[in-house]
Structures are given as C-alpha cells and as structure tokens.
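Asker: Here is what each chain is made of, one letter per residue.
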Amino acid sequence: MLMGRVVAGILLAALATTCATNCAAQAASRLSGELAWTIGYDPKTFDPAKVDDLDSETVRYLTGGVLLRFNRLTQTVEPRLAESWSVSPDGKTITFRLRAGLKFSDGSALTARDAAWSIRRVLLPATAAPVADEFVVPAGVRVDTPDTATVIVHLPQRVIGIGKVFDEIAIEPADRPTEGRVTSGPFFVAEYQRSQYVRLRKNPYYGLRDAGGATLPRASGVLLDIVENPEQQIRLLQRGDADLIDRLPPDYYELLRQKAPGTVRDLGPSLNTEQIWFNQTPSSPLPAWEKAWFQNQAFRVAVSQAIHRDDLARVVYLGHATPAYSFISPANSAWYNRALIAPHSDTGAAHAGLLRAGFRMQGANLVDAAGHPVKFSILTNAGNDARLKMATLIQQDLAAVGMQVNVVTLDFPALIERLMHTQDYEACLLGLENVDADPNEMANVWLSSSPNHQWNPSEKTPATAWEAEIDKEMNLQATSQKNAERKAAVDRVQQIVADEEPFIYLVYPNALVAISPRLEGAQPAVIEPGLWWNAEDLRLRGTR
Amino acid sequence: MKQLHHLIGSLARALLLVLLVMIGSTLLVRLAPGYLSDAREMDAHYGNTVRAELSQEGARSHSVPEMLVREAGGWLRGDAGVSRQFGVPVRKLIGPRLAVTGGLLLRSLLLGWALALCAALMTSLRRQSGIVWQAPATLLLAVPTAAMATLCLLAGGGGPVLVMSLLVAARDFKFLCRILRQAWLEPHLLQARAQGIRMGRLLAAHVAPAIAGQLGALAGLSLVTALSALVPVEVLFDVPGLGQLAWNAAMNRDLPVLLAITLLMALAVTSSSMLSGQPGEWESA
Amino acid sequence: MKIRLLPLTLLAALVLGASAMVALPGASYAHQDREQPLAGATLRHPAGTDALGRDRLVRVSASLLLSLAGALAASAFTTGTAAAVGALAAFAPRGVAWLVMLVCDAFLALPWLFLLMMVRSALPLQASPAHSAAITFLVLAALGWPACARAVYRGGLGMKRAEWVLQARASGLRGSQMIRQVLPNLLPLLLPQFLVCVPAFVIAEANLGALGLGIGEPLPSWGGMLLELDNSALLFRTQWVYFPVALLILVLLLLEAIPVEA
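Chains as they are written, first to last, in my numbering: chain R, 1 to 544; chain Z, 545 to 829; chain Y, 830 to 1091.
Just so you know, the hints here were simulated from the structure itself, not pulled from any lab data. You may find that some hints are simply not true.
[To be verified] Result set (BS3-like, lysine-lysine): computed pairs, CA atoms no more than 27 Å apart in a straight line:
| no. | chain 1 | residue 1 | chain 2 | residue 2 |
| --- | --- | --- | --- | --- |
| 1 | Y | LYS831 | Z | LYS546 |
| 2 | R | LYS259 | R | LYS389 |
| 3 | R | LYS164 | R | LYS50 |
| 4 | Z | LYS636 | R | LYS44 |
| 5 | R | LYS50 | Z | LYS636 |
| 6 | R | LYS482 | R | LYS472 |
| 7 | R | LYS472 | R | LYS92 |
| 8 | R | LYS103 | R | LYS50 |
| 9 | R | LYS44 | R | LYS164 |
Chain R on its own, in the form it takes in the complex (with noise of 0.2 Å):
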C-alpha cells in the first residue's frame, strides 16, 4: 500500500537523522597538548581564598602559585616559589626566600609584598577563609616582609605541619584578586563554561623547571570537563577525550580492565575508611532501652565481631578493598599501628557476648533482658552503591545474631540533618576520606567537644572514661615535639578504638585508577590529588 510505504519512509528518515547526532560527545574538543579529566560539579568559587569544595580545590590546586608544596608520593614539604625556607626552634617564627625572576601569569613581577598580601588576605575574618583556622588563632598572626624578597610570617603558638598549610594558600597580585584569572601557578583560568567545563592555559611566565630542565608546566593547559555520570566518563576515557580517571568504582574497574588492559591500575588501599556506628547521643530522641544497647560496648563488640568484613571486600569491592580495624590505614606506613589487637569476625563470639551481657534468643530473634526485640536501622546516603550493598550483606551478617536490622537510604541533606542535627537515628553507614596522613588532622573527629564526634557530638565533658583518654592522647600528640611520643599517643588511640568500638570499621576501599596510555609522567600516589599532584609534570605522548 502506497500509504504505509510512505509512513514507513517518514519514520525512517526521521530516526535516522536523530541517531545521527551523536550527542553524547557533550565534552569540548580539545585543543593540542591539553590535559584533559572530569570533575564532578561546577566549582562554587574561584577565588583561592575561598574555596570550600572539592572541584573548587581542584581549580585552585593546578592554578595557585604556592611558597611550598607538599609532595604527595614522597610526603614531605617542598619550596615551590619559595627557594628555601626554615622553621625557628620554637616553630613561631617561618621564613621564606623567594626565588629571583618570578611573575604572575599576566608578565607582572611576584615580589614578597604579593605573597604577604595573599597570606594576610587568607587570614583577614572578613574572607572566611577556611585555611585560616590552620593557623589555631589566625587573628595573632603577624606577616613582614624586611625586603622584597624575604617573606617573614609570626605565629602566636607552634602548629603542627605549618608547612602543608602553605600548600593551600595561592599567591596572587597584591591589591588585586582576580579569581584564577592571573595566577602565579602552572596555569590560569582561561574559559569558564557554567556546567559544561572549565579550560586551564599553561602560565607562560612560570619561570620553574623541573629536574631535566624542561620549563613547567610541560602541558599546553588543562580542560576541566564537567560531567557527573560516571558512563559518560568511561565513555570519554576509551575516546581519548580523557586522560585521567580518578575514584573509579569496582565493577568499572573491572570493565575497563577487560577493554583497555593497560589503562587501569590498582594502587592498594587507599587512606579513606568504611564505616557504621550506632548513636550513643543521650539527648537523641531514640528510647531509653535502645540507647543502652548502643552505649553497651558488649553489644557494639558483638556487632564487630559479627560481620564478615571479607565477604564485604569480595563481593562489594569484587576483591578490591582491604578489611579495616582502625582509622588509620596500612597505606598510612608511617602512623598504622601493626601490633592492634582488634575484635576479628567470629559469629560465635559474638553470641557469646550478647548471652554474656544479658541479652537473649527468643525463638530466631535477639531481646534484651528488658524483653524488647533487638531491632534497629542503618542509614546511608542514598546514590552509593557500595555502601547500600555493605548495608544488605550487614543485615544478614547480623540476623545470623538474631537481630533484625532495616536499611534506610537518604539523600545527603537529609541524612546529614538527622546526623548532626537532631540525632534522629539510630546506625549510620558513611565513609570518610582522610586527605591527608597526619593524624592531627582527624583530630576533630576523636576529641569528644568537636561536632564531628559523630557518635556523641558536641559534648560538655567526655561521658565515658575511654573518650577522656582519647581526648588526652590526641592533644598530646598536637602538641608533642617528639615523634616517637605522638606515635604512641596515636597507636594508643587505635586500641581503644579497637576495644571500644565507637566506629566500627569495615573496609579501606583501594585507590582504583584509570590513565591513558597516552599521558606521561604520572605518578600515582594514595593522597588527594593523587593521580594528578605533579600536573605540572604531565604531558600528552608526542608532545614537546
């Protein structure tokens, strides 16, 4: 029939043209000798001062000219714009020499006046700039500059790691603050397209050269896609439109490992942790019997001893993770403590404990002496996959123990209320990336007045003996000069930890990476940044 032939045909016609726009090329087209990777989300701010996001970091990482920066691989503080500098014994007094010859990425000349201007700025209230509070009490800070070269900065007590604070602060134009767009750093803020990407260009006039004498930074610039769909950024990889990808999940790893052999890499545990803890607030609005349950630490040991932390690691992380009993991963070499003795997975323990602290089975269920059945929820943020698939093998780990757990997800917002507003819950499944392997820099989440104590936040006086002893060992370790004596004090607070239980950890997840085989010079390490710290050193194969 003449008619269908010609619907026919329309139809044809118009899927064809639709399928031959290939609209998922959303990423801008490279230009030569550009690096290329995703970030997430649009960064808020691109003011360096300001940053107080992860892809404003990132922004403010590759474009800040910083007076030191911390090496990543080898974790030690390196001058960058600084030629030297030293600590004084007291460690009140920091001096910088500041190189010969350097300038903003506009031809301007950097002299010490810009650099104390940018560290005043960082310190002025007005700014609220969260590196400030590094410096304990920024208010007494004092910055001179006895000539224009020498940068002179006066602290009103000692901090621990003053060094890696400077990592963070960008040096820009006195008087004039541009948002990224003159920088001192290996490059500059060259285009910005909201939602879609930012494109970094190489800063001409950054006089460092690296150990071959090669002028940094070696690439032509970076571009900065903005695309949150973790298909897309496969997608973009096995293209070429990206070179890097980091935080890759377990089962793209697996995927890519199949595809493109030689692009992905396991780089071990990484220093985040997985972990579930119960509410142990008083003022929570849970009832009083299940506030004995998680105050209890029989009940809490139990728990530990009742999940199998190696079927987590094979079937969630498909092999890639690491069972986890403390804080501090075995990544961190200089701080993990090798002789922990913690509560290992043993279903038979674990009901002993329970009988033992006076719970027990009615038929297949768990009650406690009180005659209430041992029933609770965990939460977790809803979007992670990983976590939701811990919390259903959780939940048949601890039914084997007779207790009946229900498993919540929630978004972020909501989540975060109940955790640390109102205390309206009762076991909660989060992660938490520790960006750095200094444990001082955990130290509000172990000192027991710190919000962040997230067991038991914001309290008065320590509630439990065990808290007062954390927080005596970890403002031991912040203020100690020895390092011997701050080892101990922090391998102390592993084993209480560990005997305690207030988090009860369950896996290090591994630090999966992807890089194209074109990208040179990488050198993956587990500290955030970690596939791209040394960008100024990255160059595309083929490339000068």
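Position chains Z and Y relative to chain R; hints supplied.
Answerer: This is chains Z and Y only, laid out in the frame that chain R set:
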C-alpha cells in the same frame, strides 16, 4: 469584547497560579528535611565555615511567611533573587539554559509526535489490533530513562533528543492508536473507505477535524510527559539545561532557583493548555 | 467493554507461577549465596544470581507479585481520580471547573520531591520494607492524577457538545447520572493512561529509593532491577540482567491484550 474578557480572565488565572505555586513551593522546600544542612559539614577542613554560613542563613529564613514576603518582594521588583548554591543572580543562571532546554523540548516533541502519528496511522488501519504492534511502544515504556541513556552511550549514537522523543512517542502512540481506531470506525468514514476515496483526502477532510479536540488534549499531556522526562534526560546526558539546574537546585535546597524554575514550568503548562483549549472555546462563542 | 480470556488466563498463570516460585520450600529472596555473586544459570539458580548472590528467579517472582500489585492498585487509583475530577469539571458549572483546573495546573508545577522527603522523615526509621512500599505506592497514586485530569476535562467538554448528550440533558438527566453515561465514552483516554501508568509507577518506586522511600532491602524491587540496566559494567558481565525487563514487557502486553473495546 468577549476576546478581551477572555484575555483578562487568562491573565488573572496566570497570576493566581503564580501565587499558588510560589506559596506551595516555598512551603515544601523550607519544611522538607535538610534545608539547613550540607554534606560539607562532615569535612574536617570546611566544616566550621559551612556551619557558620548555615547558622546565619537559619537566622534569616526562620519563618516561612518572612521568606515568602522576601521572595515575592524581590519578584515584584523584577529581581529573581540570588542562587543559594552559586551566589550568582538567578537570571544569569537561567538565561542561557532556557534556550538549550527550549530547543531540546521543541525538537523532541516534534520528532516524538511525528513518530507517534506515523506509527498510530499504520497500526490503526489494520483490521485487527495485533498485540505485536504494541510491543515497541511497550518496550520503550518499560525501560527506564537511565538504561536508555546507557544504551545510547554504549551504541555511541543517539542522545537526549532521541531518548526524549522516543519516550514521548511511546506514550502518545498508546493514546493515538485508540483515538484513531475509534475515528476510523465512524460510519461516514467506513463508507468513504469502502467507496475508495484516497487516504490523504480522508485524513485531511474527515479524520483531522474529528479528532482535533482530543489531539489538543493529548498535546497538553505530552508536554507534561516531556517536562517530567526532561530532568533525568538532562542529568544523564549532562545537557546544560533547566532540568539539570532544577535537579541540582533540588538536591541542594536552592530555593530561589527552584522557585524560578517551577514558575516557568507552571506558565508553560498553563499556556499550553490555554492554547490547546482555544479552538474549542472559540467554537462555542 | 469485553474481556479476552486468553491473555487473562496467561497473566493469571504467570502470577500463580511466581507465587509458586516464592512459596517453594528452601526458596528465599533474601538469602545471599556469597560464594556465587553474579553467577550464570546453574541447577541451583536457574536464572543466575544477582550481585550479592541472591537467586534471581525467586527475586523476580517476588518482585512481580509485590510491584505489580502495588503498581496496578496505584494506577487504578490515579486513573479513577483523574476520570472523576475531569468529568466533574467538565459537567460542573464554569466557576467550579475553573477552580478545579487551576488546582490541577498548580499541582503539576509544584516540586513534589520535597513532599516525598517529608513523608520519609515522618515515617519511623524502623518502618518495615513492606510498610514503606505501601506508603510509596499510595503517595505515587496521590500525585499522579493531575496530568490526565486535564485531558479528561477536555474530552468531557468535547463530549458535552455531542448530540446524544444534548438530548440527554434536554430529557432531564441529572449531572450525576450524566457522568455514569459519559465515563464509558472516555475509555479511549483512560485505558491507555492506566496502561502507561503501570510501568511508570514500577520505575518511579525504584527512583524514590533515592529519597528513602520505595521497597527496602531485602525485599526485591522490580524497578530496582530495571534500574540496574544503567550500569554498563553489569550489562557486560551477565545476560540475565535483561530478564526483569523482558518479563515486564510480557506482563504489560498481556495487560493490554485483555480489554477489547467495541
């Protein structure tokens, strides 16, 4: 004169709608859990700064009527407010995205309608409604948008326009098939077909007027479908349009942006229904 | 409206088969066989296992019963409400119709995501998965009607001008009796709406999992299994992930084949 009355009536309706939507959205967003929370509160570096910001905001947005008055006042002055997430004026955020989303919607609707009409015409003319002919549309409805997006990425072709037009086509096809089948069974059309009058003439002169009213209603329905499919499609394909902005705003409780977008949506739905309703109303005039 | 017996019996057989699968002794939708995650078809697991080692056949059967019951009930509720509201607006005085349609439009534009979050926060955290599933379908049903109500209103308006309606009104038929005469003529609009709603609710329930609603673990969710298809890594590892979507298409086709319109 009646047209003028009608126009004033429509404007009044639109204004009332805007008011209702504003009040409803503000209530919903403010009272939903997590308005004054942010994931960065758990971050060691940024926790303190974020908490300070949020408590300042809490002092400002304590009561809903206060917030409403502030937002409404801003709108009356022509200022749509400043985004809570990005700190840029809402107008600057929405402007470039409006064109992108408008283009996406238009192309998908046109293509979807073309596909649905062709497919419905072909199947409605068959003597028996073969269930097999319904299968492609059923398949498209059963597969979630996310899966379709992944399949497009795997195939290396297609994109947001294809996915959205397929969704719209699948839904419209189900309705159109039945409407057309009923139309073909009208006695005068049966006789016309029996007498051998050409298909094109039949369609233009007899079928089209008969189903015009229902087509208008269907157009409104398909616009609503397209709008609801817009958000997942834009998010999955990373299209910098209003849907993606709306999703980010919802996840981050960005009230000014959400208000602006819901108002736009309300106006789009109302104007489409007013447009599709006009012929009917003029007829009865 | 007549009913075809063959698709109805096939559908009933499917439901009975699924119930049998679930009721078999030793069959469990929650038990994790951790040694065999994402396994292919074996004797013990005829349709393979999912990522946590749970038997896929039992899970799909259980999810068929659960999601289908919920989605069918919710679709029926939505379509019924849309029909009632639309017909009411069409045959009511102009003022009432104007108000009803205004409320419809406002309903369509509001961000109901936040209402769903509020529902979740009002639910106790310990609400059982089945309880939370029921609430989810109820909420979906309550939010889905405005889209179709306007189309029904237009259809009803068009019908108002039809000859037989004019005659009925002239003969003195009251409004409520009119509605009973009119509704069957609206079936071409209502039936496809019902059939379109069923898969939409199945998938929407899974999407609501992101807000804490939806069917909780360990109960299997059909929508959840469908959403697995967006992970290309999973698609490469096993072909059995296509089983739930194939079954859904079969069920929908059967549902569509049941009613015979005149």
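Asker: Under the constraints set out in the numbered hints, which ones does this structure not fulfil?
Answerer: 1
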